[in-house]
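Chains as they are written, first to last, in numbering that gives the first Met the number 0: chain A, 0 to 453; chain B, 0 to 165.
Hints may be right or wrong, so weigh each one.
Listed below are the simulated DSS-like cross-link pairs for lysine-lysine, each with C-alpha atoms no more than 25 Å apart in a straight line [said to hold, decoys possible]:
no.	chain 1	residue 1	chain 2	residue 2
1	A	K424	A	K377
2	A	K34	A	K100
3	A	K146	A	K119
4	B	K104	A	K377
5	A	K304	A	K277
6	A	K252	A	K100
7	A	K146	B	K9
8	A	K228	A	K306
9	A	K10	A	K232
10	B	K104	B	K145
11	A	K119	B	K145
12	A	K73	A	K119
13	A	K252	B	K145
14	A	K377	A	K448
15	B	K104	A	K448
16	A	K277	B	K145
17	A	K40	A	K76
18	A	K146	A	K34
Keep in mind that the hints were calculated from the coordinates and are not lab data.
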Amino acid sequence: MAIQEQRLIFKHLDEPGYSNDIDCYLRHGGYEQLKQAVTMKPEDICAEVMDSGVRGRGGAGFPAGMKWKFLDRKSGKPIYLVCNADESEPGTFKDRQIIHKDPHQLIEGMMCSAYAIQAKLAFIYIRGEFFQGYRILERAIEEAREKNLLGENILGSGYSCDIIVHRGAGAYICGEETGLIESLEGFRANPRIKPPYFPAALGLYQCPTIVNNVETLCDVKHIIEMGGKEFAKIGTPGNSGTRIWCVSGHVQKPGYYEFPCAAITLGQLIYDVCGGLKPGRKLKAVIPGGSSSKILRADERFTGKLKNGTDFDWGIEDIPMDFDSLMAVGSMSGSGGVIVMDDSTDMVEALANINYFYAHESCGQCTPCREGVPWMRKITQRMIEGNAREEDADLLNSIADQIAGRTICAFGEAASWPVQSFIAKFKDEFVEKAREQAARRKAGELAAKETTLI
Amino acid sequence: MNLKPETIAKIDQLVPRYPTQRSAALPLCHLVQEDQGYLSNEAIEWIAARLELEPINIQEIVTFYPMLRTEPVGKHHVRVCRTLPCALAGAYQTCRRLEQELSCKVGHTSEDGEFTLEYVECHADCGHGPVVMIGEEQYNDIDPDKASELAAKMKSGELPGGITYS
Ligand SMILES: Cc1cc2nc3c(=O)[nH]c(=O)nc-3n(C[C@H](O)[C@H](O)[C@H](O)COP(=O)(O)O)c2cc1C
Ligand code: SF4
Ligand code: FES
Numbered sequence: 000m001a002i003q004e005q006r007l008i009f010k011h012l013d014e015p016g017y018s019n020d021i022d023c024y025l026r027h028g029g030y031e032q033l034k035q036a037v038t039m040k041p042e043d044i045c046a047e048v049m050d051s052g053v054r055g056r057g058g059a060g061f062p063a064g065m066k067w068k069f070l071d072r073k074s075g076k077p078i079y080l081v082c083n084a085d086e087s088e089p090g091t092f093k094d095r096q097i098i099h100k101d102p103h104q105l106i107e108g109m110m111c112s113a114y115a116i117q118a119k120l121a122f123i124y125i126r127g128e129f130f131q132g133y134r135i136l137e138r139a140i141e142e143a144r145e146k147n148l149l150g151e152n153i154l155g156s157g158y159s160c161d162i163i164v165h166r167g168a169g170a171y172i173c174g175e176e177t178g179l180i181e182s183l184e185g186f187r188a189n190p191r192i193k194p195p196y197f198p199a200a201l202g203l204y205q206c207p208t209i210v211n212n213v214e215t216l217c218d219v220k221h222i223i224e225m226g227g228k229e230f231a232k233i234g235t236p237g238n239s240g241t242r243i244w245c246v247s248g249h250v251q252k253p254g255y256y257e258f259p260c261a262a263i264t265l266g267q268l269i270y271d272v273c274g275g276l277k278p279g280r281k282l283k284a285v286i287p288g289g290s291s292s293k294i295l296r297a298d299e300r301f302t303g304k305l306k307n308g309t310d311f312d313w314g315i316e317d318i319p320m321d322f323d324s325l326m327a328v329g330s331m332s333g334s335g336g337v338i339v340m341d342d343s344t345d346m347v348e349a350l351a352n353i354n355y356f357y358a359h360e361s362c363g364q365c366t367p368c369r370e371g372v373p374w375m376r377k378i379t380q381r382m383i384e385g386n387a388r389e390e391d392a393d394l395l396n397s398i399a400d401q402i403a404g405r406t407i408c409a410f411g412e413a414a415s416w417p418v419q420s421f422i423a424k425f426k427d428e429f430v431e432k433a434r435e436q437a438a439r440r441k442a443g444e445l446a447a448k449e450t451t452l453i
Numbered sequence: 000m001n002l003k004p005e006t007i008a009k010i011d012q013l014v015p016r017y018p019t020q021r022s023a024a025l026p027l028c029h030l031v032q033e034d035q036g037y038l039s040n041e042a043i044e045w046i047a048a049r050l051e052l053e054p055i056n057i058q059e060i061v062t063f064y065p066m067l068r069t070e071p072v073g074k075h076h077v078r079v080c081r082t083l084p085c086a087l088a089g090a091y092q093t094c095r096r097l098e099q100e101l102s103c104k105v106g107h108t109s110e111d112g113e114f115t116l117e118y119v120e121c122h123a124d125c126g127h128g129p130v131v132m133i134g135e136e137q138y139n140d141i142d143p144d145k146a147s148e149l150a151a152k153m154k155s156g157e158l159p160g161g162i163t164y165s
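If we strip away everything but chain B, and leave its shape as in the complex, we get (with noise of 0.2 Å):
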């Protein structure tokens, strides 16, 4: 595994805080995530190995929470929320633009890597709907028209990419 030193500090530092080992997996998985893109096999048995648990232990929980993935996402990694409130505000013709501005089917990854469009669900902003998240940034109000200007923003390299972690 080859973790940054940055991402073995932050593990290091976090495993004790936790009154148990396993308390950890969750928090470990998503460093792990961040520093990697997602979660290979190798990743999971170094995470089980770190804590002293079975990779079936963070293989179990990998597969449970929607947001550990165990293949990589595109460069750009648009999340619409498509919820009650967000549907209501127009969330699924939002997608539509989506799909076409990015040549990318809900629920895939474009043919040349740069963009996955997946459907969320309710990103507790849903005064502001249609939802729609670009890496780790939040766009609100984002009816069809803003939606392409994002894709436009997306595709000239003037907006960050999917894995902008810090």
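Here chain A stands alone, though its shape is the one from the complex (with noise of 0.2 Å):
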């Protein structure tokens, strides 16, 4: 039996009939909770957002109510919203779901929480290559304008704000924020250093700017519906709300699948929810939150104290989908991207194509991340090319932990953990990968063998 989904955020995208023009939003009840915020106090918003306990679901999952918080207010500058739509990181596809599906539920979250932070002007920073997504949103946007939903002195309430949709153009670092602020005015997206550049101080324009992911703005329209204390009921302490699980890989089912924190584990995601991995195929290991975060062993145990005291002792299957379980087995749930491999899957091969990836996308502004990323990537190559050496595992573990922790921006742990987690799991493949090659060698063989990943 399949687990039933409990949808909030994309309670209707998928029903039948539902479509993303303005008057099908109102007949769902839309804008209805815009017309209450509006006459909220903008701080009580924020108090119910701080009691919701909704942290980022962007990747870092820092409370929004606390970044919310830190907002300098008391600078004189204008405030500024930005919608991170870059959508980039390898395994996570829920935010297109919402612009393409459902875009007016991100114009209402964001319009509350722009009145709710008393914004000058929002953004929606929206990757270059949803074209579709981009002329949906400018659409959306000019529907809402008409309605008085967004513009000048917003449903007679003496409040103005519009939305600016700006598309940025194949380059991932715009997700990171300092990078999409830099990108935002007209620069390279190069990075900032924090501190002294954290945006709620000084952002865009160098004026206080709160950056949040859009699935976590349209959670700020549904804290308004229910009230924070009640939204912080889903799920568990510290792990409100609901996630939009993104399962690609070897599952028979990959899709979205959405559930309050902690409702379900990995093992029913993969086994009950997504059908399970194909015919005859076992389980070898999970990334469980977007390409960047640790990869998970199918046969590990994770034994340790989660944050209130109790001892835990999962295998794989056990582990709950939530931010902190999936932190505390030394992993994250970042973006929500889940990847299953089966043991069809050469581990030294995928390595290689995640390095790729990351090579590809350095900005460019710090030695460690520069030339540490791409050597990463020229060994992971070279291994797949016939060329593995025994060492070739802590050379690269070498090199990743001279990266992380050494740079400006998380893009070096984002680049890293992946290196560092491979080795730790699965160091032996590494070994073998050469051992083979050498054997094939020795008996006149081609020594690399034919790649599907890379």
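Combine the two chains into a complex, taking the hints into account.
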């Protein structure tokens, strides 16, 4: 029996007959929360968001209410709201669905948030490859403007705010919030160093800025609807609300599935919700939160103490799907991209694929990242091309160790974690690769096998 | 610069919406590229002048963002997603099939200028890999056989070309 999804953000989006125009949205009770919001005190909305405990859905999982609290309101400078719709972490495909199928939910969430932080202007930074999504958002914004749901004097409240949709152009680093801000200002997306450039203090145009993910901003609408305390009851303490798990890779039914945090385990997600693995295959590994999160090995035991003091002893299938549990097993829920690999997967090839991506996407500002990440790519590339060496695993690890923690932005970690975790969990395969190739060479055969993942 | 009147109108409408002119640099690159197919030196200088910037300010953007190009693409711009989820779904096999069918090596434009075949990174639809984009249209679950069908449709003119901007 498949476990029933419990949809909040995706409630309507796949219903037959549900369309992305404003009339349909209004028929489903849309913009009621914005009407309510503009009659509330902005600080009361912020308090609800704080009470909800909602954590950012873009990757880092930082509590949104806390971020909003850090906003420098005394500077006298204009405040900006930026929606991060760059969605480029491999394995993540939820924001696209909201943009395509329910754009008004995002606009309503944004306008409620903009009002709460008293933003002067709001932006949606959308990745350039979303051609259609861009057009859908532009149209939705014009529909909302016609109904006075954004723009001047919204619903007669005296509050004015517009949304500009700004298209990226294929650079992953624009998802990092300070890189995104540089990009919005018309520069290369070179991330800024924190401190001092925390967006809430010195963000867009050096003004206080809140950057939130698409899904986080949609949550705000629901927080206003049900109240922060009620929202906090979904999920578990510290892990409130629902999450949209984007499952890809070797499962029968890849796709997006929304559940309250901790409502299901990783095993239930793979076997009950996604129909299990392809016939005759066994689970080998899972990357649970987008390609930069640390890989979990199917036959590991995960033991330790949770934040609340209880001990845990889990197999991979027992891990509850929420922020803290995935953190406790040494990985993260990140952007919700669950990449499943079965026993047909060559781990060296899989890492070579990931390294190729990160090497291509370093912005180039910091030497450890600019030089180190392509170096890791070269090694894994050489390995799959037939020139693997037994010491490569250690070499890869030592490079990754010299990148993580030594860079301006978290891309350094994002690029190092896959290498560190693949080597920690699958070192035997990296060493074996070299031995295999040596044996084939000795037998007069081609050292490299045909690859499938790179 | 021979920009279409619609493009000029869009630009004139867009620039004043931003708090600073420079913020319009990337959007203008997009608009001019859609109009011209690529960003020539002349186009880069034109954008810089329009925003009261130096050409290098635009050049540095053009060289940073992968979607901006300084050369025209083939009539059909084919992009194959190659990051891990699509790779696990068989994206490399799909791409090899496209290379054969289109007589075009990935990363290149075919001799007759009909096809540009490129690898791209995660297009945020990994539940439907392998993902292939032709022009601005996305095609999902493209295994090698479906890739052959797409190739046939491109060759017969049934599928629109690369630049289908509206
Ligand atoms: C390399 C890198 C890439 C990122 N990419 C994205 C992205 O595509 N989308 C996103 O929402 N956040 C992304 N983030 C996280 C953002 O920096 C930021 O934390 C997030 O947008 C904040 O919103 P949230 O608190 O609502 O999650 C990325 C971070 C890093 C370090
Ligand atoms: S860590 Fe990498 S991506 Fe981040 S600022 Fe440094 S060079 Fe750029
Ligand atoms: S990996 Fe191809 S769409 Fe995500």
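Results for each hint:
For a cut-off of 25 Å, the pair hint linking A:K424 to A:K377 stands: about 21 Å separates their Cα positions. As the CA atoms of A:K34 and A:K100 are separated by approximately 22 Å, the hinted pair is consistent with the 25 Å bound. This hinted pair checks out: A:K146 and A:K119 have alpha carbons roughly 19 Å apart, not beyond 25 Å. With a C-alpha separation of about 22 Å, the suggested pair B:K104 and A:K377 falls inside the 25 Å cut-off, and the hint holds.
For the hint pairing A:K304 with A:K277, the CA-to-CA distance comes to about 34 Å; that exceeds 25 Å, so the pair is violated. As the CA atoms of A:K252 and A:K100 are separated by approximately 21 Å, the hinted pair is consistent with the 25 Å bound. Using a Cα cut-off of 25 Å, the hinted pair A:K146 and B:K9 holds, with the two alpha carbons roughly 23 Å apart. As the CA atoms of A:K228 and A:K306 are separated by approximately 21 Å, the hinted pair is consistent with the 25 Å bound.
Distance check on the hinted pair: A:K10 and A:K232 sit about 18 Å apart at the alpha-carbon level, within 25 Å; holds. At most 25 Å may separate the alpha-carbon atoms for a hinted pair to count; B:K104 and B:K145 meet this at roughly 19 Å. Restraint check for A:K119 and B:K145: the C-alpha separation of about 48 Å exceeds 25 Å, so the hint is violated. Note on A:K73 and A:K119: the hinted pairing holds, with a Cα-Cα distance of about 15 Å set against a maximum of 25 Å.
Taking the CA atoms of A:K252 and B:K145, the gap is about 19 Å. The hint holds against a cut of 25 Å. Proximity of A:K377 to A:K448 is assessed by CA-CA distance (about 17 Å); at most 25 Å being required, the pair is judged to hold. Between the alpha carbons of B:K104 and A:K448 the distance comes to roughly 21 Å, so the proposed pair stays at or under 25 Å and holds. Restraint check: the Cα-Cα separation between A:K277 and B:K145 comes to about 21 Å, which is no more than 25 Å; the hinted pair holds.
Annotation: proposed proximity of A:K40 to A:K76 holds, straight-line Cα distance about 20 Å (limit 25 Å). Proposed proximity of A:K146 and A:K34 is supported: the alpha carbons are some 12 Å apart, at most 25 Å.
Hint compliance for this structure: hints 5, 11 are not met, and every other hint is.
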